[in-house]
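Following the hints, complete the assembly by docking chain B onto the known chain A.
Sequence lines, in order, name chains A and B.
Note that our numbering gives residue 156 to position 156 of the first sequence, counting from 1, and the numbers run on in steps of one.
Note that our numbering gives residue 202 to position 202 of the second sequence, counting from 1, and the numbers run on in steps of one.
Be careful, since some hints might not be right.
[Claimed, not checked] Result set (SDA-like, lysine to any residue): computed pairs, CA atoms no more than 20 Å apart in a straight line:
id, chain 1, residue 1, chain 2, residue 2
1, B, K155, A, V225
2, B, K155, A, L224
3, B, K155, A, L150
4, B, K199, A, S124
In case anyone wonders, no lab produced these hints; they're calculated from the structure.
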Amino acid sequence: MFLAHIDSLQASIFSSLAILSLLLTFVMLGSHWLKNYVYAFAAQSWLIAALSASVGYFSGYKELYAIAVLTALFRGLVLPWLLMRIVHRLNVKREIHAVLQTSSSLVIGACAVMFAFVIANHMSRQQQGAAHVVILALTIMLAMKFLGFLMLSVRDEAISQILALLVLENGIFLGSQILVPGMPLLIEIVILFDLLIVVACFGMLVRFLVVHAGTTSSRELNRLVG
Amino acid sequence: MAQELLSVLLLAPLAAIALSLVSRSARIAEYATVAAGVIDLLVSIPLLLSARSGLIIWANQYVLVDVFGGWVIVCISIVYALSSMYAVGYMRLLNEDGRLPAFYALFSGFALTMLMACVMNNAGVFWIAIELTTLVSTFLVGFEREAESTEAAWKYIVVVSGGISLALLGTVLFYWGSSFVLGPSYAMTWAALRLSAPKVYPPLLLISFLLVLVGYGTKAGLAPMHTWLPDAHSESPAPVSAMLSGALLNASMLGIARFLGVVTGTSVSGFAHAAVVGFGIFSFVIAILFIVRQTGVKRLMAYSSVEHIGVQALGFGFGGPLGIAGALYHMLNHSLNKSLMFFGAGNAMRAYRSKEIKNIRHVLKIFPVSGILWLLGAIGIAGAPPFALFLSEFTVLRAAMQGSYGWVAILFVISLIVVFIGFLSHFRAMYFDEAPDAEIARLPWTAWRTVPMWLAFLPLLVLGLWWPHGLWNLFHLVFLSVTGGSQ
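Isolated chain A (complex conformation) (with noise of 0.2 Å):
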């Protein structure tokens, strides 16, 4: 198992790139103008192919070369391309309701990072070697499923939306960089396919939005409740 011998070098790079994808997610929660998700979207995705780079590099799985590259190709360029296409194309800059304040969001994502940790502190007892390094990782990989969530539900507009779900699913990727470097190259690189999809499609729901139901925020898609 290569986290059970990293020497302290390897724990503070992997420890501090997580906690720099973390407090990004936190740039998203506390911004209200969409371009600012999308940069915080981008800058995240660099950092984790960052951090599947010196995996790579430290455990010597070189695939997750491959995977950092494309990583940054596809997390850090093409998505963060297309939302800009929709930001664009939308003409919305903010969100312009609020469900809670920024600050009380900001609170509510503190304190679900705390929870996030104390499952994962619970999860990861039996752990020997480097236990803060896997403690580290699973905390950010379930607060930022927490935190997406959080966007998800006090976010209107379709496109923080989307931001919301791509959040979930960067929090993933990069909690599995250190916990299973090991994973089989075929599996990360479909998924990583799969969200260029996954972005497509919603692209092109938020024009039948736009053109049929009138409204790109999901305050006003209220029509079929019951």
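Below, chain B alone, put in the same frame as chain A:
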């Protein structure tokens, strides 16, 4: 032999997709889809029979045909064949011939992704296949391009993508947990997960399972993650509703049951089964509350799907040979019965030009024959004998009595009675209530809309009167394969 059967099973919808897209002709697309559906149905049964004599594994362990997967393939193929026939009659009513090739391509693509999910031997690839079903079916849900259907499609893709990402997290955690036993790199086959599960740290195993349960439960429509389901099922064209309800829910249930099989025999097995039972009974109760006060005819069917997926979850959750047999029999019967119900609802919606129950009156005047089939189907789906759902629900109930779930059994029986009254009172209103004499034009008769209803109804009646002994043996084999022979 089995390899050829599987290739045909997957190539037939693929050929239908290609023909639909290349020909750009609505008629060719229709017939190609019907042909693919019928071929799949004919191939799926020998495939299941050949899987009976042992697992069939190919493609570097990525593909597996076992009795369980084969059974779900049969259920999906039945719905695919029936609803592709019905689609011919129904979609012509929409007068959108120009877009029909795209519709049929998506329709076959939807079937193809579900069939692929059933033969995946790797938990990660299974996730991808289920995710693909969402992407393809989203555009089918939004096909009518009205405000409501677009809204339903949007809610569908957002809720389901969010939910299924939990299943991905759970899958990654399963992989991580087993990597302590099997080493850092291994093929995540169901068998490998099951072998290593007893040695995984129990809290980790439990959290992984719960994440997977919630994730695939979202896709299967278990309450409280069912919120997308009534919208998507009611706003999509009727044949698509039948596919969503009769086929897609089964494919997702397959994932839940396989993971449940993985944790069976470990120290968290009891809690995991209780969680599945909990979701099942909660879905049941929620569905009933909405069925009783429902105003839309297709939403009524959609909540009935939530109810029946709840029954399946109960069957798998109770476990044991009896519970699994009940759940599997219910899967088949629900696929048949719900297809029949959505076909009838589609006919009624087109004739009365309304989705509201209150606008649909004197159905028998408009549909003298298919109206009777629809009514009998409603009696069947409410769980009354002599139709097949009665037998399977009764078996699930017996499984509850045998296990330690007596209180669930009581709740289950009460709910079944409520749903019987609630569901059929809507049908009484639609068939026998007084109504203002509005002139409703009869739809032009076509065999395409009537024959699939007969084809769904007759087996339902036969299976209700006679549970073939071969099926019992088959279900027992599934029980052994899911639990790895241990209990």
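Please list, smallest to largest, the hint numbers that this structure does not respect.
none
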